[in-house]
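Asker: Now for the letters of each chain:
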Amino acid sequence: MKPRLATVWLGGCSGCHMSFLDMDERLIELASKVEVVFSPIADVKTFPADVDVTLVEGAVSTVEHEEMASLIRRRSRFVVSFGDCATTGNVTAMRNRFSPDEILHRAYVELADGDPTVPSEFTTIAKLLPKARPLHEFVRVDAFLHGCPPTADEIWLAVSSLVEGRIPELPNVYQRYG
Amino acid sequence: MAILTLTIDDQPVSGTETETLLEVARQHGIEIPTLCHLDGLTDVGACRLCLVEIEGASRLQPACTTRLQEGMVVRTNTERLQRYRRTIVEMLASEGNHHCAVCVSNNHCELQDLAYTVGLQYVRVPYLYPAKTLDATHKDFVIDRDRCILCSRCVRVCHEVEGAHTWDIAGRGIGCEIISDLKQPWGQSTTCTSCGKCVLVCPTGALFEKGATVAEMEKRTEFLRYIVNARQRREWNPDLLHEE
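Quick note, the sequences are listed as chains A and B, same order.
Start counting the first sequence at 185; every next residue gets the next number (the working numbering).
Start counting the second sequence at 17; every next residue gets the next number (the working numbering).
Chain B on its own, in the form it takes in the complex (with noise of 0.2 Å):
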């Protein structure tokens, strides 16, 4: 496979083309901040916060969809991405109810880890106080949609990695929201397995384990590189479940 060169904030670097602008930033210790990817599952470019800029290109690009080509010149933190970025974290935060003080997720959360990264003093759209649902009725598990931000990673894990595909999203705009199975309590699900999965790949405190109380909820994602990697390579690699 032909090794492409380009450039990514004035540093040379060298990568192929089935690898994207995020893998190669990362791999060169370049850090682009994420919410929706997660290694192991497919990207979909949907949070928008590693939007770059690219040479010759009149639109921002996400970086986690955005595919290596040779000599490519790309920026990953202008002030104006980090303008952007800000601004993304500010509607995500109107558009719930993110009481990180009382959430189960408080100090393990990446949205809050985020609001620190762009620098959040404080949000300058007016918040919205969404009326959202919480569904407690599985026996493990709850989904509290005041603390989802869409990013689709529990549809993606459940879809791809379990197969079960229990979660999809439902509505439009500002009015989406994650659902089971047809929009039935999650408890009544028929394709649920309660692996859990989707409660530890989601970022915030939306997914949560039953019993946990504030600050409690740490999510561990590490499972997912090693299963992915064990259907891939057939590979049963347990320091894979280790790494940080």
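If we strip away everything but chain A, and leave its shape as in the complex, we get (with noise of 0.2 Å):
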């Protein structure tokens, strides 16, 4: 059986699952060599068990992050945090110095064209955690790819070994956070 491969989007702005991409044609390779069965570019609605990796793009961000980082966690074999995000909280983590509530009225209120409201819990907003913060300060990581975003290089080398239950030992040129 093919090794079994998930992505996950927590706080990012996707640009790691960009850069995932941006392997181009080795996707075919790794398509062959993997089940992808978990990732938001493909349908999947919940996350399934028995993963082998899963790379994990985003801070930890909101009460609905947490719940899948615990979730991921006592469903993957491997856990990797995937890219600067996960790794450092990053550009996410900026938001920090601010409260959620101040973070909402800034948002939906001052920078709103009409209607300022903050949205009622009722609605599908994300509940804020009081900080975003990076991955492995919730649940265990196994192996860490660091940048923003990792460069397919860094993520082929990366997913090629730990497919085969290897953490990978990546050249100190791809350990470079920014």
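These are computed hints drawn from the structure, not numbers from a lab.
Since the model is a prediction, treat every value here as computed from it, not as a measurement.
Heads up, the beta-carbon is just placed ideally off N, CA and C, and yes, glycines get one too.
Cβ-Cβ distance ranges computed for the label pairs, FRET-style:
#  : chain 1 : residue 1 : chain 2 : residue 2 : range
1  : B       : 230       : A       : 258       : 34 to 42 Å
2  : A       : 198       : B       : 150       : 22 to 30 Å
3  : A       : 215       : B       : 107       : 38 to 46 Å
4  : B       : 98        : A       : 210       : 33 to 41 Å
5  : A       : 185       : B       : 190       : 47 to 55 Å
6  : B       : 153       : A       : 297       : 30 to 38 Å
7  : A       : 211       : B       : 118       : 26 to 34 Å
8  : A       : 255       : B       : 28        : 53 to 61 Å
9  : A       : 353       : B       : 28        : 28 to 36 Å
10 : A       : 353       : B       : 150       : 34 to 42 Å
11 : B       : 204       : A       : 209       : 53 to 61 Å
12 : B       : 69        : A       : 216       : 48 to 56 Å
13 : A       : 337       : B       : 153       : 40 to 48 Å
Bring the two chains, given one by one in their own frames, into a single complex with the hints.
Answerer: Next comes the structure, spelled out in structure tokens:
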């Protein structure tokens, strides 16, 4: 049976996933090596069981992210912090000097074009955690991919070893924040 | 002046009693990581990255402020020192707000470089996300204290080289911050000569030129060797401005 790969998008800009797609023709080789069982670019609603490798993009910024992080950990053999937001908080954590209420007020009242109202809890707006924090502050993480975003070459190297059951030993050239 | 001989990392080296372990190590191609040290400024041993083990000494000593002694046996890169250096960088990362991806100094930052040197995969201590201030009142420059690691290079270059002493460190411990004059806005400073030396010696993106955007702020510190050499030896050697 092929290794089962998942990718998850938490509090990030999707740039890490764009970089994943930048693997270009290597994606075809990857598709022959792994089964993609969950991803924002696949139509799967719930995170499945028995995942071998999960790449997690983004900081943990909402209550839903926190629950998802815990679910991913329970159901994955390898959890990977995929990029700087998952690893350090990065841009997502720049909101941390303000409270969630201040942020919502800024977004939905101060900057509103019309009908300035903070959406009520009955709407689909995500419930923000007090601070956006890196993934490893919530769950154990097995490997870290640096960069904003990590390069396609780095992702390729890392995923290639992870699906063979090895923690990737990335050369120093790929260990770059920013 | 007597020549002293000693051992650094099993390598026999020599120097004089006025030289520091850091200087002699670097002369012999032994790299010790530093942040607060800069050639041309007084060493203060603030960042603790250059701590070394000296046989017979009970405590670790900073290489930048430790003078040579005859027969010293020094180790600069033991497993323990590597661990401590990594911890120092982790604490610097957690005590500030370092968002490399959107920083003016991205890819030209000594703290960022050091993170790779010490193999910083992730930060084990919780990030503090402290509320720091930014001062953009100066006509040419900005100080963003989110990115400041309190190395005090700006304080020293302003005092020792420019002679203005605009900068100082206020506060205690983790609450320390760089201030201009008596904590007045930089733009209203009566002592600042707007020379920009502090900006050029800052190892991170904490001090930068107005108008610089992400990854555009490159610091050049060669001017310091040129000025200090000219002042001490009365030699105006332009080669010093171009050497790496």
